[in-house]
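Fit chain S to the given chain Z structure using the hints.
Protein sequence lines correspond, in order, to chains Z and S. Last residue of the first sequence: 333 (this note's numbering), numbering continuous. Last residue of the second sequence: 333 (this note's numbering), numbering continuous.
Treat the hints with care, since some could be wrong.
[As the list claims (entries may be wrong)] Here are the simulated DSS-like cross-link-like pairs (lysine-lysine), alpha carbons at most 25 Å apart as the crow flies:
1. S:LYS187 - Z:LYS88
2. S:LYS183 - Z:LYS183
3. S:LYS270 - Z:LYS18
4. S:LYS328 - Z:LYS18
5. Z:LYS187 - S:LYS96
6. Z:LYS187 - S:LYS183
Because the hints were derived from the structure by calculation, they are not lab data.
Protein chains: 2
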Amino acid sequence: MPELRRDPIIGRWVIIAKERGKRPFDFVIEPERTKGGFCPLCPGNEATTPPEVLAYGRDAHDPNGQGWRVRVVPNKFPALIIEGDLDKRGEGIYDKMNGIGAHEVIIETPNHYETMATMDLEQLALVFRAYRDRIVDLSGDPRFQYIIIFKNKGKAAGASLEHAHSQLIALPIIPHLIQEELKGCMKYYDYRDRCVFCDIIRQERSQNIRVVCENDEFITICPFAPRSPFEMWFLPKRHYSRFVSMNDEQIKMMAELFSTTMKKLDTAIKDVPFNFMLHTAPLRENGLEYFHWHIEIMPKVTTVAGFEWGTGFYINSTPPEEAARVLKETEIS
Amino acid sequence: MPELRRDPIIGRWVIIAKERGKRPFDFVIEPERTKGGFCPLCPGNEATTPPEVLAYGRDAHDPNGQGWRVRVVPNKFPALIIEGDLDKRGEGIYDKMNGIGAHEVIIETPNHYETMATMDLEQLALVFRAYRDRIVDLSGDPRFQYIIIFKNKGKAAGASLEHAHSQLIALPIIPHLIQEELKGCMKYYDYRDRCVFCDIIRQERSQNIRVVCENDEFITICPFAPRSPFEMWFLPKRHYSRFVSMNDEQIKMMAELFSTTMKKLDTAIKDVPFNFMLHTAPLRENGLEYFHWHIEIMPKVTTVAGFEWGTGFYINSTPPEEAARVLKETEIS
Chain Z
1 MPELRRDPII
11 GRWVIIAKER
21 GKRPFDFVIE
31 PERTKGGFCP
41 LCPGNEATTP
51 PEVLAYGRDA
61 HDPNGQGWRV
71 RVVPNKFPAL
81 IIEGDLDKRG
91 EGIYDKMNGI
101 GAHEVIIETP
111 NHYETMATMD
121 LEQLALVFRA
131 YRDRIVDLSG
141 DPRFQYIIIF
151 KNKGKAAGAS
161 LEHAHSQLIA
171 LPIIPHLIQE
181 ELKGCMKYYD
191 YRDRCVFCDI
201 IRQERSQNIR
211 VVCENDEFIT
221 ICPFAPRSPF
231 EMWFLPKRHY
241 SRFVSMNDEQ
251 IKMMAELFST
261 TMKKLDTAIK
271 DVPFNFMLHT
281 APLRENGLEY
291 FHWHIEIMPK
301 VTTVAGFEWG
311 TGFYINSTPP
321 EEAARVLKET
331 EIS
Chain S
1 MPELRRDPII
11 GRWVIIAKER
21 GKRPFDFVIE
31 PERTKGGFCP
41 LCPGNEATTP
51 PEVLAYGRDA
61 HDPNGQGWRV
71 RVVPNKFPAL
81 IIEGDLDKRG
91 EGIYDKMNGI
101 GAHEVIIETP
111 NHYETMATMD
121 LEQLALVFRA
131 YRDRIVDLSG
141 DPRFQYIIIF
151 KNKGKAAGAS
161 LEHAHSQLIA
171 LPIIPHLIQE
181 ELKGCMKYYD
191 YRDRCVFCDI
201 IRQERSQNIR
211 VVCENDEFIT
221 ICPFAPRSPF
231 EMWFLPKRHY
241 SRFVSMNDEQ
251 IKMMAELFST
261 TMKKLDTAIK
271 DVPFNFMLHT
281 APLRENGLEY
291 FHWHIEIMPK
301 VTTVAGFEWG
311 TGFYINSTPP
321 EEAARVLKET
331 EIS
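The shape of chain Z in the complex, shown without the other chains (with noise of 0.2 Å):
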C-alpha cells in the first residue's frame, strides 16, 4: 500500500510507492519505447493494459477491442491505489494517510505516431472531452479532493511511453502547489475585488507583447515570470474556475488553439520534451470567483540544479517577450 506522507515544516505532501521487489538503489529509468518495439497502447495490445475505464469511437460492445479514437485505463503502475481508507495518522510528530487515489491513463490516439501537434482537431477534442468526463465521474468519490491531468513528451520530461498519452490522478488532499496557487489568487481578489487571471489576460491583449496566438474563447501567452524558456499558459478568456464547465463548443473553440499552440512549439523547438499541467479548482469548490481553470506548458529545455531546488527560484535566459515573438513568427502548417 502506497503511503501519503507530509512534510512537518513546508506541509508538502509526498507519494511513498515502493515498487515491488525492486532494491532500493536500482534507478534504471526505463528507457523511452522506439519506433517499431512492444507498444502496450497500440490498437491490438488492448489486453495488456488493465481493463479500460473509458472509451469513444467504438461500439460499447466489445469493451477492450480495437476501433477506438481515445481510451483511458488505470495506470499498470499506480502511484496511488484505488481501494481503502485514508485511515489517517500520527507517527510522533510526523502526519501520514494511506496512498488512496485514481491514477489513470488517456491514451490520445492509436496512431503510434500522432502527436498533439499533428492529430487532427477533432480528435484532439476529444482528448479533452475523455479529460472533462474522467474528471466528472472520479467527482463521485468522497474521499477525492483534487483532480491534476499532465501529460509528460519525450524523456527528458518524464515519459516512459512515446505513445501519446496524458495521466490523470485524483487525491485525497489538495496538493501544496495548488493551495499556494489559490491562497495567492484570492489575496488578490481581497485586494482589488477581480481575478488575478482575468487581469493577466486583460493586460496581456492590451500590451501584446506576450500573447502567442488567440481565438474567440482561448488565449496563449507566454508569463511575465516564466520559470523556464518558452514556457506558455493557456486560458479561457472569460471567466470559469472549473475545466468540467467547458462544454462541447467550447472543448471545440478549445481543440483549435491548443492545436496551434502545439504546432508552433513542436515547429519552433523541434520535438522539444515538454510537460503541461491543467490546474482547476478543487472537486468540492463550485464555481470560484478568484480562480480561473488554465494550463501550464512547460518545454524541457535546462536542468533544475542546486539554485531552484533550494530557493524555489528560477533562473530563465529566454525573456518571454523573445519567446512568444519566436511563436508568433513561428508559421505552421
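Just chain S now, kept in the frame of chain Z:
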C-alpha cells in the same frame, strides 16, 4: 542587466538573465568537461577566471597565482550582477526590479580529481570555512537579504564543470521557498514553543530508523517525507539558526560527519549526481528560536515530471527507512 520578476499569483521570483548574443532557442547545454580537457578551475589557469575574492592556503602576495587550497571567484556567467541599484518598479499588475546580487564559485580543491567524498577532512573544513567567511563578508552589503550556497554535482544535476565546486548566490529578496520554510517553522513554534528541527532530531534519534550517521555535534538523517530517493538532511544537533555561528571547532566536526555522509552516498550509489543546498536564516535575522540551519542533499536519480511540476507533490519509490538502512550499512574506507 538581468531582471528579477515576480509571479503575480504564487509570489515566486524568477531571474530573467538573457545571455548576450544567444538566440532564444539555442539550448545546447554545455557538456560536462571531461577528464583531460582544459579546466578553468585548475591551478595554472587562475587568469581565466574573474579575479578571486578569497583564497586559503597561499601567500597573499600573489592574489591570482597557484598554491591555494580553496579559492573563491565571481561566476564568469553570473545570473545576477553586483553593481547598481534595485530600482523596484511595476509594469501594470506585475512587479520587477534590477537583477542585483552576487554569484560566486567556491573552488573546493586544486586537485581536479578530488571530490567531497575523497578529500581529507582538513580540506573539507576549509571549504566550509570559505562558505562561512563569504557569507560574513557579503552580509555587509545592505542590498542583500538572503544568501544561498548550493552544489550541483554531475551533469544530470546541472553541473557544467567537473572540477569540484560549490556556488553562492546573494539575493536582494528572501526566496519564496525559504519564506515558506520560515513560515512553517514559525507556525510549529507558535503552537508548541519548540523548534520543529530540534523535535525532528529528537524523534529521529529515539526512533532510530532514519538516522544515517552522527557525531557529537551533527547528524545526518533521511527525512520522513523525502522528495527523492536517498534524500538526506544534515543538521547541527544543537540549535543554531545561522550557519555563520559555527566556530572553527564546530566546522571541524561538521567536516568529519559530512565526509562520512558523502562517502556513504558515493559508495552506495556509485558516482551519483546530486544537488545540495545550505538553508540558513535570512541575513537580517539574529538568532531565530524557530529556525535551524541545515543542508538538504538531493541525489538526482529520477526525472521531475508533470505531476511534480503541477502539484509540488512528489512520488518517491524508496522509503527513507530503506535508504537510511542501506546508507547506514554501507561500509566506507
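- Looking back at the hints listed earlier, which ones does the structure fail to meet? none
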